[in-house]
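Can you make the complete structure from the sequences, with help from the hints?
So the protein lines, in turn, are chains L and Y. Take the first sequence: its position 159, counted from the start at 1, is 175 in the working numbering, and no numbers get skipped. Take the second sequence: its position 105, counted from the start at 1, is 106 in the working numbering, and no numbers get skipped.
Since the hints were made in silico from the structure, they are not lab data. Certain hints may be false.
What the hints assert, rightly or not - Computed, partial: chain Y to chain L, Cβ under 7 Å:
1. 55
2. 57
3. 134
4. 149
5. 155
6. 158
7. 166
8. 170
9. 171
10. 177
11. 181
All residues carry an ideal CB built from backbone N, CA and C; glycine is no exception.
As a plain string of letters, each chain reads:
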Amino acid sequence: MTNSSLSKAFIAVIKRDLTLALRTRSEIANPLIFFVIIVSLFPLAVSPESGLLKTMAPGVIWVAALLATMLSLDSIFRSDFEDGSLEQMLLSPHPMPVLVLGKIIAHWLVSGLPLIILAPLLGVLLFLPYHAMPALLATLALGTPVLSLVGSIGVALTVGLHRGGVLLSLLVLPLYIPVLIFASNAIATSAADLSIKGQLYFLAAMFALALTLAPLATAAALRISLR
Amino acid sequence: MWSFFHRLASPKHFYRFADRLIPWLGWSTLITFIIGLYLGLIVAPTDYQQGESYRIIYIHVPAAWMSMFVYVVMAIAGGIGLIWKMKMADIIASSAAPLGAAFTILALVTGSLWGKPMWGTWWIWDARLTSELILLFLYLGFIALQSAIEDRRTAANACAILALVGVVNIPIIHYSVEWWNTLHQGPTVTRFGKSAMATSMLIPLLTMFLAFKLYFATTLLMRARVEILERERDTTWMKNMIMGSDE
Numbered sequence: 017m018t019n020s021s022l023s024k025a026f027i028a029v030i031k032r033d034l035t036l037a038l039r040t041r042s043e044i045a046n047p048l049i050f051f052v053i054i055v056s057l058f059p060l061a062v063s064p065e066s067g068l069l070k071t072m073a074p075g076v077i078w079v080a081a082l083l084a085t086m087l088s089l090d091s092i093f094r095s096d097f098e099d100g101s102l103e104q105m106l107l108s109p110h111p112m113p114v115l116v117l118g119k120i121i122a123h124w125l126v127s128g129l130p131l132i133i134l135a136p137l138l139g140v141l142l143f144l145p146y147h148a149m150p151a152l153l154a155t156l157a158l159g160t161p162v163l164s165l166v167g168s169i170g171v172a173l174t175v176g177l178h179r180g181g182v183l184l185s186l187l188v189l190p191l192y193i194p195v196l197i198f199a200s201n202a203i204a205t206s207a208a209d210l211s212i213k214g215q216l217y218f219l220a221a222m223f224a225l226a227l228t229l230a231p232l233a234t235a236a237a238l239r240i241s242l243r
Numbered sequence: 002m003w004s005f006f007h008r009l010a011s012p013k014h015f016y017r018f019a020d021r022l023i024p025w026l027g028w029s030t031l032i033t034f035i036i037g038l039y040l041g042l043i044v045a046p047t048d049y050q051q052g053e054s055y056r057i058i059y060i061h062v063p064a065a066w067m068s069m070f071v072y073v074v075m076a077i078a079g080g081i082g083l084i085w086k087m088k089m090a091d092i093i094a095s096s097a098a099p100l101g102a103a104f105t106i107l108a109l110v111t112g113s114l115w116g117k118p119m120w121g122t123w124w125i126w127d128a129r130l131t132s133e134l135i136l137l138f139l140y141l142g143f144i145a146l147q148s149a150i151e152d153r154r155t156a157a158n159a160c161a162i163l164a165l166v167g168v169v170n171i172p173i174i175h176y177s178v179e180w181w182n183t184l185h186q187g188p189t190v191t192r193f194g195k196s197a198m199a200t201s202m203l204i205p206l207l208t209m210f211l212a213f214k215l216y217f218a219t220t221l222l223m224r225a226r227v228e229i230l231e232r233e234r235d236t237t238w239m240k241n242m243i244m245g246s247d248e
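Encoded structure:
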């Protein structure tokens with residue numbers, strides 16, 4: 017197997033997943049609608065008072081992003097597991113972690129990226145100051161790939177189970193806590209006009225760590241789930 | 002030496018080994034507990050700042066240490082089971098999980114019991130309490146995954162991966178929680194430093210730590226024995242053993 021055929025396979029996996037996702041658009045839209053609804057519940061439940069919402073905004077947006085990602089995670093491997101294409105992928109001569117990474121990237125493109133596009137709008141709804149918007153976008157850009165990467169391990173572990181959904185959130189949410197802490201803190205800090213370099217470096221470090229380790233763990237987990 | 006370990010890897014020998022070891026471990030657990038509790042609750046001097054209520058650390062601190070120690074044991078055993086496909090490692094990992102969760106709960110409960118007189122509230126979002134709570138979530142996830150997968154081998158391997166992922170994440174979670182905490186609120190009560198602890202208080206603590214370790218070893222072996230009984234119930238050696246004949 018030459019190197020070029022591996023990169024071809026990698027790109028083919030991304031293209032295939034993107035095509036599949038775009039053909040069932042409602043599956044992309046549903047987590048996004050969920051994201052918006054969750055965020056709009058907070059003013060209703062807590063208080064529409066702008067000062068309070070402003071301080072809560074970073075946390076609320078990030079928790080909602082976390083939950084929306086959780087909901088869409090299952091789609092990374094579920095349908096491929098059911099129709100058997102995951103097994104074909106395992107049997108292919110290409111290293112599984114690379115193919116898995118392709119699938120994760122495709123998942124992030126259809127679930128993480130739209131969140132980033134929608135988030136400023138929700139920031140406005142929650143009275144997040146405008147000068148904190150770049151921080152919101154930056155943390156989402158660095159953080160949501162980590163969510164997809166770490167989440168893929170959880171999906172790979174639970175894909176063989178009939179009711180894996182709740183279990184998945186039980187496994188994955190504790191692992192999301194560092195991202196949540198740094199991201200929401202970065203936004204709050206930026207809203208207070210302070211430097212957020214440190215938080216962004218931490219998020220970038222977590223991204224690098226997840227990018228290198230998560231595909232390996234996911235591939236190993238898939239091998240176990242498909243046994 | 003090595004052949005001893007190799008023999009331990011087989012459930013049959015492990016079962017015998019555990020059988021012989023459990024009474025010894027059990028009695029020494031009991032004795033160290035009695036000594037440790039006596040030293041800690043009666044002999045050790047009263048803390049001049051915290052009064053008598055500091056004595057809960059003789060349960061709390063060992064439990065908190067054990068809660069992390071057991072997770073590492075679980076991850077190492079899981080890794081061994083994953084790499085060398087050793088049945089006993091899987092059994093150890095799965096037997097350790099509920100014990101670790103129990104230690105974590107114990108640490109949380111004693112922590113909040115201590116917090117009531119010290120801080121005035123049952124719960125405070127203190128960095129250590131919070132990361133202990135997250136550790137409990139990790140344990141519960143492990144146990145949930147284990148019980149959700151029916152096939153024991155698959156369950157053991159899947160849980161091993163989860164434990165390894167958790168072990169990579171625990172330091173990250175711990176330090177991010179610590180960092181979060183220092184940003185959100187200053188330390189409410191500066192706890193007395195470990196190094197500054199008087200010897201008369203340290204010795205009971207170390208004794209209690211030993212007692213907890215021994216307790217863990219005893220219950221781990223007992224749980225592993227039960228697990229072996231369940232897994233190997235169809236084997237000949239098990240039947241022979243239960244019927245009372247040797248070999």
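Evaluated hints:
1. 55: It is violated, given that the least Cβ distance between residue 55 (chain Y) and chain L is near 30 Å, above 7 Å.
2. 57: With a closest approach of 26 Å, the residue 57 (chain Y) hint is violated.
3. 134: 9 Å, violated
4. 149: Residue 149 (chain Y) check passes; min Cβ-Cβ to chain L is 5 Å, inside 7 Å.
5. 155: 6 Å, holds
6. 158: 4 Å, holds
7. 166: With a minimum Cβ separation of about 6 Å from chain L (threshold 7 Å), the hint on residue 166 (chain Y) holds.
8. 170: Result: holds, 5 Å to nearest chain L Cβ.
9. 171: 10 Å, violated
10. 177: Interface hint status for residue 177 (chain Y): holds (4 Å vs cutoff 7 Å).
11. 181: Holds: closest Cβ of chain L sits about 4 Å from residue 181 (chain Y), inside 7 Å.
Of the numbered hints stated above, those contradicted by the structure are hints 1, 2, 3 and 9, listed in ascending order.
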